[in-house]
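Residue numbers (our numbering), protein chains in the order written: chain V, 1 to 792; chain E, 1001 to 1243.
Note that these hints are calculated values from the structure, not bench results.
Don't take each hint at face value.
Incomplete in silico selection of chain V near chain E, CB under 10 Å [what the hints assert, rightly or not]:
hint, residue
1, R2
2, A3
3, G152
4, D153
5, T299
6, I300
7, L304
8, L315
9, G316
10, G320
11, R398
What follows is a set of in silico ranges between Cβ atoms, one per label pair, in the way DEER data are often shown [said to hold, decoys possible]:
hint, chain 1, residue 1, chain 2, residue 2, range
12, V, R703, E, G1085, 30 to 36 Å
13, E, E1193, V, R390, 46 to 52 Å
14, V, W777, E, E1193, 50 to 56 Å
Incomplete in silico selection of chain V near chain E, CB under 10 Å [what the hints assert, rightly or not]:
hint, residue
15, P67
16, K305
17, P637
18, M737
19, A740
20, Y741
21, E744
22, A773
A virtual CB, placed ideally from N, CA and C, is assigned to each residue, including glycine.
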Amino acid sequence: MRALHRKLGRELLGSAGVLLTVIAIIAVGTGCFIGLGSAVRILTLSQQSYYDDYRFADFWISVKKAPLTVVERLRQMDGVAVIEPRIVFDVILDVPDEPQPLTGRLLSTPAERYDQVLNGLCLVRGAAFSDDRDEEVILSEAFAVAHGLNPGDRIGLILNRKRESFIIAGTAISPEYVYMVRGEGDLVPDPKHFGILYVKEHYARDVLDFRDACNQIVGRMTPGADIDVETLLKRMERELDPYGVLATTPRERQASHRFLSDEIAGGRVSSTMIPAIFLSIAALALNVLMSRFAERQRTIIGTLKALGYSDRAVLGHFVGFGVVVGVVGGIAGGGIGIAMAAGMVEMYKGFFQFPTFVYELYPDLLLIGLLISIVFAVAGTAKGVWVVLRLQPAEAMRQKPPERGGASFLERLPWLWRRLGFRTHIALRALVRNRVRTLTGVLSTSLAAGMLLISFVMVDSIWYLVEFQFDRITHSDMDVGMRDESSIDAVWEAQSLPGVDYVEPLLGLPCDLRNGRHTRRLAITGLSPEHRLMTPMRTDFVPIDIPPEGIVMARKLAEILAVDAGDALELVPVRGRREPVRVHVASIVDSFLGLDCYADIGYLSRIVGESAAVNSLQVQVDPVERAALFRAIKNLPNAQGLSVRSDVKANIEGTFVSSMTATFGVIILFAGVIAFGSILNNALVEIGDRIRDISTFRVLGYRPWQVAAIFLRQTLVTYVLGIILAAPISYGLIRLMVQAYDTELFRMPAIITLRSVIVSALLSLLFVLLAQAVVYWQIRKLNWLEGIQVKE
Amino acid sequence: MVAETGAVLDMPLLRVERASRVYRMGDVEVAALSGADLAIRRGEFLVILGPSGSGKTTLLNVIGGMDRPTSGRVWYGDMELSAMGAVAQTAYRRDSVGFIFQFYNLVPTLTAYENVQVATELVSSPLDPSEALRLVGLADRAGHFPSQLSGGEQQRVAIARALAKRPELLLADEPTGALDLQTARGVLGLLQELNRSQGLTSVLITHNPAIAGIAKRTVRMVSGRIAEIRENKHVIAAKDVTW
């Protein structure tokens, strides 16, 4: 069939322009499949091997102070493979040349076996601990990089009410902090203000007064154990009960793991959904293109069949177009995919820390991408050709009978129809008669607009979230965490620090909340009766009062505990007088981070049976005296953490701005490809259909733009229908997105602004008009003298 | 000479028995062929004459395996065309029939040589495309695309394409309908010559009475029926055709 192959080759070259529009859409779809698929696979494999090689724990239990003997008892429990005690302390760090006190997390680790314990350390720079001195730390790599700290440098911290100076032996990363956040409530890593300091175990015991004791237990379960982690943790909690269990965290709720796994899960959905959308549109566009192509080759198809070519041979010939389009699209998609995956790996490096994290080429993904691309292209082609192919050869060779269905519905409204003018009539009739073509254009426009809108909604939602959490709810300039609970007098002491305008106390009280089988251990935040620096609220921005009795909780927590405002549930403090108390839920508030729960500070103290206590302070600061206050906090013996609201906001905004800028560019480009490609494909097919009409208009004296105006009308009607359809599509996708991000760590508000809607619509219009510019150019260069001769 | 060849093999190559073909155009039924009876002898040159709409193309399609009658039967030797499935029909067209169309139906993106190749690649022992082109006098135009050939040349390429498969039956649908007189004479002469020299059974349909005389037998069709079958006493040479 060499002759037919040659026909195929020449015709492919002849219609390269219009095929390119489809190839671009296929390439983007395949590119997303390969790019997102590779990124997901790199993340998954990196996660797996990191977790395996460095023994990522299955659970964490934080206690006030437990003797090592009890840890031995835990080790004997069924289902426990490894159990390790350790000491964890948050401290204030004093980094040279950094005026601001920073938060550090001290973690004890065996000096010799630092890389063999659970959550083992992977050394990045420098060396492990030496035998020379005890005051050595291994610093988390990201923090060291953020502050330009190197092995051999010194770092100061306040430990057990004493200032200590440590030498940095080396820097490391750990599977526990792939995504380096403090815990719940943190949205993005902030290596500038939070670092991990690994210290020798025996040193931590001595200095922190934990001889033969620990305050955190990490463990791994026996593979295939017939007990689930929650049950095991319940048993361990009972065993550890006398020592004050502050929190139990299975791997599934561990913050770093959660963020990483959510990213992988999200990537998995995107790597199927986005390619499916693009490839389906490409198949539709090819169907439009090829059905016209086959229609124009009606007599040739008839002749080939008359010569004795079988249906299969003729179909095979035309399917060749699909194969070539699929192969070219697939190969181009491979290139896009590789670039995309490499870009995503670079972006992920800013968020996730792995020992080795490099882009790899996955030949199987490339191959599958290519195959999918071919399958979609062939399906679109075969569907397009099939109608003509089915005809008897004699029928194929006859003129196509005039299309049925005379008047469109608009024509039945004569008062309107008469006003529209003949060019609009032509455009509208063409839209009504070529339903698949119109549908493809409408769908593509709506998907492009939808993609853009969702991106804007995501950005607006993040901005809203930051504003809601850090401007509306929180009003303090900084929060100072304290190691030991202090009496309410701490407020007065803080008030006397330089630069402090106003102070309010907070008490974080760990307790169990129980409603039947729904239980959750968390810290309830106690607020003072006259509090004004923390104003829990609903999204209508009306602050909710904290009642003298009862609790107020975030909607997500209420969902988890299956309670509503007015319901009562059981509260059991994990320290003090640990007797169950019935408390009622006074109100539900909104919150997009963590699981907030509030109560009056005095009410909480009465529940534990202690006098009012404080373990963190909210401070309003005179900006002029910030530096003085920072110096004072560095010297506060009881301080163990500091968070500055403006830093937190700037960090979240900075992180999202940098990652969204790149992503935005790509999304706009892809939306452009789908809208531009599909509208142009439609228009070029239409021009092919109407060469004689166009030529006739030109002969009559119409200028090219006047002819193009007919196509413009058609395109604009398609566009308007697309924008209308974009509304429900976007709404559905935004709801899906909100559901996908509805986690305990983080929820997504869906903020749809008029501006986003308008900008999305205008950008889509721009793509559509660009396609129209090509149409105009095509009409201009059309040889209408030849066109007039074309047979109908 | 034609008659002698026909007399030797007197069993008809093709038999059409009460064949009708009804088309449905929307809600209207159109009878393009109504009870046609015809026998075509092996090696015969037959002209079917009739005005447009008389059913001659439909008859040609039915005997060429391009269409099936709605009722009646069509036989090719001992094969019943009217009862064939699509696969057998395709094989029949491939192995036994050569078609020539009024508008040539060449593939515009293939050269003359390649257009012939489209046919030769289908069958097991075809003529060489160059040979076929030489037979129609176009050996030096093999590399030209249809748009670079005149109408007569294009029709000769189409004849070469039909011939190259070495068919037993050549069907020509208004082969000179789009040609001027001079060119038409050339094409008709070629068909006459092929029938004479190779004994190729040929059926030509036309609306032009002037052409009717080039065959030994003429079938006249009116409104889907065969109105008359006439033996021509004097066969006109193609070069003497005029209109």
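The hints, checked one at a time:
With a least beta-carbon distance of about 7 Å to chain E, the hint placing R2 of chain V at the interface is held under the 10 Å criterion. Given the 10 Å rule on beta carbons, the hint for A3 of chain V holds: about 4 Å separates it from the nearest Cβ of chain E. A cut of 10 Å between beta carbons decides the hint on G152 of chain V: the least distance to chain E is about 74 Å, and the hint is violated. Below 10 Å, beta-carbon pairs count as interface contacts, and D153 of chain V has none with chain E, the closest being about 73 Å; its hint is therefore violated.
Given hint, T299 of chain V at the interface with chain E, holds; its Cβ is 5 Å from that chain's nearest Cβ, closer than 10 Å. Nearest Cβ of chain E to the Cβ of I300 of chain V: about 6 Å, under the 10 Å cut. The hint holds. The interface hint given for L304 of chain V holds, since its Cβ lies 7 Å from the closest Cβ of chain E, which is under the 10 Å cut-off. The interface hint given for L315 of chain V is broken, as the beta carbon of that residue sits about 13 Å from the closest beta carbon of chain E, more than 10 Å.
The closest approach between the C-beta of G316 of chain V and any C-beta of chain E is roughly 13 Å, which is over the 10 Å cut-off, so the hint fails. A hinted interface residue such as G320 of chain V counts as satisfied when its beta carbon comes closer than 10 Å to some beta carbon of chain E; here the least separation is about 13 Å, so the hint is violated. The interface hint given for R398 of chain V holds, since its Cβ lies 9 Å from the closest Cβ of chain E, which is under the 10 Å cut-off. A C-beta distance of roughly 55 Å is found between R703 of chain V and G1085 of chain E, which places it outside the suggested range of 30 to 36 Å.
For E1193 of chain E paired with R390 of chain V, a C-beta distance near 39 Å fails the hint of 46 to 52 Å. At roughly 52 Å, the beta carbons of W777 of chain V and E1193 of chain E sit within the given window of 50 to 56 Å. The closest approach between the C-beta of P67 of chain V and any C-beta of chain E is roughly 87 Å, which is over the 10 Å cut-off, so the hint fails. Interface hint status for K305 of chain V: upheld, as the beta-carbon distance to the closest one in chain E is roughly 7 Å, under 10 Å.
For the restraint placing P637 of chain V at the interface with chain E, the shortest Cβ-Cβ distance is roughly 88 Å, beyond the 10 Å limit, so the hint is violated. A cut of 10 Å between beta carbons decides the hint on M737 of chain V: the least distance to chain E is about 48 Å, and the hint is violated. For A740 of chain V, the shortest C-beta to C-beta distance to chain E is roughly 50 Å, which exceeds 10 Å, and the interface hint is violated. Given hint, Y741 of chain V at the interface with chain E, is violated; its Cβ is 54 Å from that chain's nearest Cβ, farther than 10 Å.
The beta carbon of E744 of chain V is not positioned within 10 Å of any beta carbon in chain E (closest approach about 63 Å), and the interface hint is therefore violated. The beta carbon of A773 of chain V is not positioned within 10 Å of any beta carbon in chain E (closest approach about 29 Å), and the interface hint is therefore violated.
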